[in-house]
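Protein chains in written order, with this note's numbering: chain A, 1 to 117; chain B, 1001 to 1117; chain C, 2001 to 2117; chain D, 3001 to 3117; chain E, 4001 to 4117; chain F, 5001 to 5117; chain G, 6001 to 6117; chain H, 7001 to 7117; chain I, 8001 to 8117; chain J, 9001 to 9117.
No false leads were mixed into what you were given.
Derived lysine-lysine pairs resembling DSS-like cross-links, with alpha carbons at most 27 Å apart:
1) C:K2096 - C:K2062
2) B:K1059 - G:K6059
3) H:K7036 - J:K9054
4) E:K4096 - E:K4117
5) C:K2117 - C:K2054
6) B:K1059 - G:K6062
7) J:K9059 - E:K4059
8) B:K1062 - C:K2036
9) H:K7062 - H:K7036
10) E:K4036 - H:K7059
Worth flagging that the hints you see were computed from the coordinates, not collected in a lab.
Protein chains: 10
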Amino acid sequence: MSENPASLLETFDNQFPQRDYVIEIICPEFTSVCPKTGQPDFGTLTFTYTPDQKCVELKSLKMYLQSFRNQGIFYENITNSILNDLVAALEPRRMKLVASFTPRGGISTNVTVVHEK
Amino acid sequence: MSENPASLLETFDNQFPQRDYVIEIICPEFTSVCPKTGQPDFGTLTFTYTPDQKCVELKSLKMYLQSFRNQGIFYENITNSILNDLVAALEPRRMKLVASFTPRGGISTNVTVVHEK
Amino acid sequence: MSENPASLLETFDNQFPQRDYVIEIICPEFTSVCPKTGQPDFGTLTFTYTPDQKCVELKSLKMYLQSFRNQGIFYENITNSILNDLVAALEPRRMKLVASFTPRGGISTNVTVVHEK
Amino acid sequence: MSENPASLLETFDNQFPQRDYVIEIICPEFTSVCPKTGQPDFGTLTFTYTPDQKCVELKSLKMYLQSFRNQGIFYENITNSILNDLVAALEPRRMKLVASFTPRGGISTNVTVVHEK
Amino acid sequence: MSENPASLLETFDNQFPQRDYVIEIICPEFTSVCPKTGQPDFGTLTFTYTPDQKCVELKSLKMYLQSFRNQGIFYENITNSILNDLVAALEPRRMKLVASFTPRGGISTNVTVVHEK
Amino acid sequence: MSENPASLLETFDNQFPQRDYVIEIICPEFTSVCPKTGQPDFGTLTFTYTPDQKCVELKSLKMYLQSFRNQGIFYENITNSILNDLVAALEPRRMKLVASFTPRGGISTNVTVVHEK
Amino acid sequence: MSENPASLLETFDNQFPQRDYVIEIICPEFTSVCPKTGQPDFGTLTFTYTPDQKCVELKSLKMYLQSFRNQGIFYENITNSILNDLVAALEPRRMKLVASFTPRGGISTNVTVVHEK
Amino acid sequence: MSENPASLLETFDNQFPQRDYVIEIICPEFTSVCPKTGQPDFGTLTFTYTPDQKCVELKSLKMYLQSFRNQGIFYENITNSILNDLVAALEPRRMKLVASFTPRGGISTNVTVVHEK
Amino acid sequence: MSENPASLLETFDNQFPQRDYVIEIICPEFTSVCPKTGQPDFGTLTFTYTPDQKCVELKSLKMYLQSFRNQGIFYENITNSILNDLVAALEPRRMKLVASFTPRGGISTNVTVVHEK
Amino acid sequence: MSENPASLLETFDNQFPQRDYVIEIICPEFTSVCPKTGQPDFGTLTFTYTPDQKCVELKSLKMYLQSFRNQGIFYENITNSILNDLVAALEPRRMKLVASFTPRGGISTNVTVVHEK
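Please work from the sequences and hints to get the whole structure.
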């Protein structure tokens, strides 16, 4: 993984900053690696945010998420770290990230993290 | 696209203005063109509004939405601009527009915009 | 259609008027005629009400809804007029009517009307 | 039907009375007889309650519900009477009963009754 | 079953204690034995909690739940006892456990228990 | 149960006997009683037949099936006996009966019986 | 109903008669009247045919099916008669019609009729 | 596990041996133990058979399947061995067993075994 | 539309011509224009083919299908013409095209065309 | 990727070689890289085979499939090559592999390859 994957995130100007509105982005093809077992993890990341001055550019978000492909990282860290990176890049009015991981050992895990400005 | 597609929108008189009620209109056949790639985009637009004095005539709404067929426009602009056009034509008590676009590069986007009188 | 279809509605006494409770009645076989095109419309009507002294008798409700079979009437009028007829007949504590019509020209419409005593 | 079917209901002591928690019991095999037509009715009863000192024993609940098998009784009476019997037997902190009956003449009916201590 | 199955539960440090967030863990392969009939019970346990200083380690949770495999225990006890064990081990800010059991005699049961710090 | 429930079955003349065609009748509200446990059984009966000279009248089929409501009879007997009664009454070119019973003890049973003229 | 509704059916020339191919037309908004009870019936008609020299024009098929709206006719007659009318108008290589009617008295009926040239 | 779990299987006489018919039995609550990892496995077993002189008694089948609860056995052995035991006990005209196991490491396995007399 | 849209189709060499295998390509975003009404049509095209020496390059297929975006063409022509273009470009061992169009006037149409070498 | 990923595949002896039976293995977490765009691809691989003397060990199959994680390879090559590797390792009586890939540019692709001994 590159030193600072968050630098991959690009933004464009929100053309409607006077309005409070919601953008939901669903990424069902997230994959990373479990740091304990070395086995790949798979999940769906759903971002829901109200932009302030900036919106995230979708292709750059895809490249950013792909930077986790071969990185060893736990579920809770994935969710909190990615939210933190997006919040730093977008400074949104509010943002929620729900990460739903596929079953391991018959057990599924979903992590939900919220940022309020 | 014609100079002013909003002029395609026609209205009829709300026969029950003394009552606060809700009309939901689901348009699953919206298509426009991505201004960056030139590729067509596809989505479902769902309007939910409380009419004041005017309701939107459905056939005119269909013609209005078809005026975007070959227009290059981004997701956020589609949703905000169409809401603005409808609000200008109908002056509703409140109106919500949810635009759900089909996946691109494995990523789906929904935009939700609300107008309160 | 008969002069006054609302006269078809029959009621029976609510045996539990001291309790606030909810009756939901789902009628997926509603059909009327579009006054503009002369084409039949089809929809599902869902009534949700809290009875006061009277409940609607189901067979009479069916006959009442069938009186619209060959009547030309718009979506908004269907929903508001039927709610008004039911409210007049039942004097319920509250009543909601959701009318969901099948797609026309690729567009579906749902109308939701609420009465509060 | 026996004189007093409610006597079939048995309870056991709630082992966790200091905690407010919820038990949901779903009975999709309820059947009784329509008193007007003599035809059988079918429905799903869903009980949701917060026990106080007593919980309902499931096998006794099944026997109690079976006592309605050949009894002529209307939808509203089924729902209100069964809730009353359960409330009398359990004295719960709160209890909701939703009864969903299968379509008759193309029309489905659901009745929802709530008891608060 | 071992004397104290709760000792099987292991935790790791919550790396984001300054943030209120939610972890949902879905375990569809729970099984125990009915103490009255000796027959196996099957259910899905869904934990939803906000960690404080500790998160539950998933493999240890699996081993803990497996310790009930041949234990005779009623639905209400399963749900309340397991919540109590998790609360003792994790001291979460809040935790909910929903246990959904498969039908017995045509009747399904769900138990929902909540702990607030 | 009446002595000879099959006498309840009524037929009407097939108006299209020169054509081989198929009538499927789905009856999801069948109920009888288990002769061993005395508990009610519930199932869906699906008849698929090619009429020869006679078709079954639907209301009489309903009354015939209701005659099993309080009769003690095993799954295999239900399916074979009912097929035999229908075959005797209709003399169809061919007939299939699929009986799907709801779970008991976590186990569901379907029985499929076919008659060829 | 008009004297000869089949005269409503219009055809257009099959542009690809040298190829055996299949056209499926699904009409979920069929309604007629039960001649015994006078109550409306509702169903979905699905036509599957291989055209020879002629294809059915869809708008004319819709008008033809609407001619049954207030006609009293039994399920088996609907299906056989409509197939006969279509076969007479189109002379297809083969045609199947499946008519699926909504439940009456808890019982659903599907009729399947096939024509081979 | 008992020495010879197949001895748990009981049969009753097929009352309709002159007819070739099919009994399907669906058991979604099968569980055993993986001999390699010691972890529990879960699956659905679906039996489909044509009885000759004997049918399997359902309660005895349940007890027989429960005898695998704490036994270490691989997927292929489960399916083949259970089919063999049933075939020995019932001598059916034909029998199929489909065993569908829940995912392990993101991979699901189904095994299908058929016996023809 | 360009003069000869079929020229947009590009192929690549089948690396496994010694094996008969099947490629299925599902294109849910097809749109063209009805030549009679001028209204847009929408459908899903599903290609299923066994390649001989050539496979279709997916991006070129997308561009080819987009060439129909503003072309007036009937359902049957779409399906037969597109199959013909693909067959000419790929010379497959066999190819099937199923085109499923969204409802118009409450009626859906699917066209299935097959080519055998 | 290692030089020879097929060497990762391990087998165990089929304990029931005298019987023709079917093992289906569903792997929904396959991922590789598109050699043209460098973007990750995602798909579900479903193996269906009749073992002869050898069965594939599931954990080794998982490791083998993971060896494609960062390899650039086209859909058709994935499916044919993986089938070839499995056939070489298992020498099955017959084997089918269906590979279903997620949409790219609004288009989904499934490839089905069959080997017969």
